[in-house]
Amino acid sequence: ETGVTQSPTHLIKTRGQQVTLRCSSQSGHNTVSWYQQALGQGPQFIFQYYREEENGRGNFPPRFSGLQFPNYSSELNVNALELDDSALYLCASRGGRNTGELFFGEGSRLTVL
Amino acid sequence: AQSVTQLDSHVSVSEGTPVLLRCNYSSSYSPSLFWYVQHPNKGLQLLLKYTSAATLVKGINGFEAEFKKSETSFHLTKPSAHMSDAAEYFCVVIRLTGFQKLVFGTGTRLLVSP
Chain A
1 ETGVTQSPTH LIKTRGQQVT LRCSSQSGHN TVSWYQQALG QGPQFIFQYY
51 REEENGRGNF PPRFSGLQFP NYSSELNVNA LELDDSALYL CASRGGRNTG
101 ELFFGEGSRL TVL
Chain B
1 AQSVTQLDSH VSVSEGTPVL LRCNYSSSYS PSLFWYVQHP NKGLQLLLKY
51 TSAATLVKGI NGFEAEFKKS ETSFHLTKPS AHMSDAAEYF CVVIRLTGFQ
101 KLVFGTGTRL LVSP
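In order, the protein sequence lines correspond to chains A and B.
Per the numbering used here, the very first residue in the first sequence carries number 1; after that it's consecutive.
Per the numbering used here, the very first residue in the second sequence carries number 1; after that it's consecutive.
Treat the hints with care, as some may be off.
[As the list claims (entries may be wrong)] Label pairs and their computed distance ranges (CB to CB):
#  : chain 1 : residue 1 : chain 2 : residue 2 : range
1  : A       : 69        : B       : 40        : 42 to 52 Å
2  : A       : 41        : B       : 71        : 21 to 31 Å
3  : B       : 113       : A       : 55        : 16 to 26 Å
4  : B       : 106       : A       : 79        : 20 to 30 Å
5  : A       : 14        : B       : 52        : 44 to 54 Å
6  : B       : 40        : A       : 16        : 24 to 34 Å
7  : A       : 16        : B       : 52        : 41 to 51 Å
8  : A       : 101       : B       : 30        : 14 to 24 Å
9  : A       : 70        : B       : 114       : 50 to 60 Å
10 : A       : 69        : B       : 68        : 39 to 49 Å
11 : B       : 68        : A       : 84        : 12 to 22 Å
12 : A       : 7         : B       : 69        : 39 to 49 Å
Source of the hints: derived by calculation from the structure; they are not laboratory data.
Please read all numbers here as calculations on a predicted model, not as lab measurements.
From the three backbone atoms N, C-alpha and C, an ideal C-beta is built for every residue, glycine too.
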């Protein structure tokens, strides 16, 4: 158990819809990042939040957006869903020391039809 | 830019035999390298990490990896496979300056037969 929880675990949407995925970080962790893992691929970095501010972003379009709340929980929002957005979305948190270790949740599996 | 290449998409071993999962890296400076494991329907878990200290790194569950700069490799090994080792393994390089970003390889699926 990493202490990182994500919801929902599975969901199905149709093309063009919007989705919100949620993440509760491990206690005391003020940094959260989101990754997209397509089937058969390694996770790809979407963005990172530190103390409610986005401070790093991967190669994803603006329709992928996020929020981090004062309790360090986080949301990933995806607008105008496309078929290629079907993937496992992973949330990861870490504390203040930049040791390189991230604590991952079990993910939210999104299917876009 | 940093990247990693996992040379095998699937590796099959018998229980009790050695495991070798291969990873090569590319980095413009001394990298920090990791191996993560992903069991079915589970989140990613850190197995071990190299951060420029000892070149032979020991991790959890009997795994270890050796950093070889001359070969730009960071292969994962285990002397004796166990059924519970069956999972997806990811070699990862990390950028530690500025915001932290993990760059994952494409993964190697380890299959362990009785």
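Consistency of the hints with the structure:
1. One distance hint, 42 to 52 Å for the beta-carbon pair residue 69(A) and residue 40(B), is violated here, with the actual separation near 31 Å.
2. For the pair residue 41(A) and residue 71(B), the beta carbons lie near 25 Å from each other, so the given range of 21 to 31 Å is met.
3. Take residue 113(B) and residue 55(A): their Cβ atoms lie about 45 Å apart, and the range 16 to 26 Å is violated.
4. For residue 106(B) and residue 79(A), the Cβ-Cβ distance of about 28 Å falls inside the hinted range of 20 to 30 Å, so the restraint holds.
5. The supplied range of 44 to 54 Å is met by residue 14(A) and residue 52(B), whose beta-carbon atoms lie about 48 Å from each other.
6. For the pair residue 40(B) and residue 16(A), the beta carbons lie near 31 Å from each other, so the given range of 24 to 34 Å is met.
7. The hinted range of 41 to 51 Å is satisfied by residue 16(A) and residue 52(B), whose Cβ atoms lie roughly 48 Å apart.
8. Hint check: residue 101(A) to residue 30(B), Cβ distance near 18 Å, so the stated range 14 to 24 Å holds.
9. At about 51 Å, the CB distance of residue 70(A) to residue 114(B) agrees with the hint of 50 to 60 Å.
10. With their beta carbons about 44 Å apart, residue 69(A) and residue 68(B) fall inside the hinted range of 39 to 49 Å.
11. Distance hint check for residue 68(B) and residue 84(A): the Cβ-Cβ separation is about 37 Å, which falls outside the suggested range of 12 to 22 Å.
12. Take residue 7(A) and residue 69(B): their Cβ atoms lie about 43 Å apart, and the range 39 to 49 Å holds.
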